[in-house]
Amino acid sequence: MLRETGLTKIRASGVTKRFAIEPKGEVLAVAGVDFEVRENEFLAIVGPSGCGKSTFLYMVGGFLDVSEGEILVNGKPVRGPGPDRGIVFQHFALFPWLTAKRNILYGLEERQTPPAERERIAEELIQLMGLSGFEHAYPKQLSGGMKQRVAIARTLAFDPEVLLMDEPFGALDAQTRAMMQAELLRIWNQRKKTVLFVTHDVHEAVCLAERVVIMTARPGRIKAAVDTSDVHAWDGTAFRESRELVQKVNQIWDLLREEVAAAQRVVEAGKLRDG
Amino acid sequence: MDRASAAVVKYSPLLLVVVAWEMAVRLRIVSPSFLPEFSAVAVALWNLTVSLALPQHIGISLYRQAIGFALAVLCGVALGVGMARIRALELALRPVVTLVYPVPVVALFPLLALVLKLGDQLQISIILLGTILPVIITSFNAARGVDHYLIWSALNMGTSPRRVLWKIVIPAALPEILSGIRITLALSFVLMVASEQLGAVGGIGAFTLSAGENGYYAGMFAGVLTVAVMGFVADRLHLGLIQRLLRWKEDL
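Chains as they are written, first to last, in my numbering: chain W, 38 to 312; chain X, -2 to 249.
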């Protein structure tokens, strides 16, 4: 299922992020990340918690500045958020004062898309994401799965070329998560998009992505990349466990294990220190 | 619990207080020279209403309260949200706010009277000064606490950083701001009465004071009850506004 994936969509070179911590100190979150995402590729980043994978994603999104290095999208350096990159957060970040439909329309209104066009796009996405009947519900009235559908629809509405997903299904129960993973693959197959998908769930990464990048414990670096394009976990109706899938999951876990242990040690040390 | 029994539970303590009040005075547990019977206060309330004395005082007081409090809300929200968004404004105003907050504004009455002269502007200023600081602090905290993922989402969808204030920060901070204003609203009535008792022509506070000084205790208590009802009605109106504006809110 390899696509036309010749062109480089995102190129990160030497990307480093330091956070200042009061009063006088800093924490190195991401240390010299280099990699490329090809056009229309589905790439997953896995790593232990606190490894800087979300931080990296926020830098690609332009929400955080890089301390060193450079991120190029379509060959142009990232300078702040832009409509070419759409982001979906773990906790949805829907505007609670707007109904589902108004959330989906938000980006189109901000970009002053003509009303008729807005309406058409919103209706299409409401259909695509199975949100019919919930258009006028406020986020508080929606389940976690439905909220994430609205959040994805809201991002698809302005048709970004790159989809940045920050553990988007992490807050959902197992069954809803499986449904949403299938939906995401369906959308990715329907609409060409480059997807950068951050998760700590190795199985999810192998099922969805064509390539899985493994990050080290903080400060996050790239440890390895594993090609998972031959797994084909999704057979069109369900995710099937296969020998390839298990092999890839095991292979990635072998790479990840010591990083998770290292991250745990950092957490434990922190607990000891903070008493 | 059905509506009727809820109403009984809700209002029976109030009724109990009224009955206890009436009985305490009639049984001479409390001397009527300190506390008139509730029924006498009710009669005074009726007479003062019919003679239009009370409605006039209510009108004068409400005028002062409404202008002072509205100014406090408008300026307080603007300053508080501004401080949360503009670093220089925060730096400049934070020490002033922290220092002035504990100052009892009523204690400034002589100074304010000297500067502003007697008149409605004096009461308005005291209500304004006494309520603006809590409004600033609530608005600051509310705007500061806005989930940054909401702001990032808006930036991602093409909202300019300047517009984020109107599109995201204000609506997201509104619930906290409105509940802060609700608490300050009660304070505005306290300040209204206190400032009128310190020196004013007309108004419920001035009326209550002079009724007390002239030994017209039934009238004095009628005035106090009137303030309680005014505060109650204002609170209900504000609650109605909250429920209208925040239909989308999770726990409303």
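Read the hints as simulated data drawn from the structure, not as lab findings. Because the structure is a prediction, the values reported are computed rather than measured. Treat the hints with care, since some could be wrong.
Claimed, not checked - A short list of chain W residues far from chain X (calculated; beta carbon distances all over 10 Å):
1. Gly112
2. Leu135
3. Ala153
4. Thr213
5. Leu222
6. Phe276
What the hints assert, rightly or not - Keeping only pairs whose Cα atoms sit at most 25 Å apart, straight-line, the calculated PhoX-like set for lysine-lysine is:
7. W/Lys177 to W/Lys61
8. W/Lys308 to W/Lys61
9. W/Lys177 to X/Lys246
10. X/Lys114 to X/Lys164
11. W/Lys177 to X/Lys164
Idealized CB from N, CA, C, for every residue including glycine.
Each hint, compared with the structure:
1. Gly112: W/Gly112 is indeed farther than 10 Å from all Cβ atoms of chain X, at 21 Å.
2. Leu135: W/Leu135 is in fact no farther than 10 Å from some Cβ atom of chain X, at 8 Å.
3. Ala153: holds, 19 Å
4. Thr213: Nearest chain X Cβ is 20 Å from W/Thr213, so the label holds.
5. Leu222: Since the minimum Cβ distance to chain X is about 23 Å, W/Leu222 lies beyond 10 Å and the statement holds.
6. Phe276: Fine: 29 Å to the nearest Cβ keeps W/Phe276 off the interface.
7. W/Lys177 to W/Lys61: violated, 41 Å
8. W/Lys308 to W/Lys61: Holds: W/Lys308 and W/Lys61 sit about 21 Å apart, inside 25 Å.
9. W/Lys177 to X/Lys246: The hint holds at about 7 Å.
10. X/Lys114 to X/Lys164: violated, 43 Å
11. W/Lys177 to X/Lys164: Status holds; Cα separation ~19 Å.
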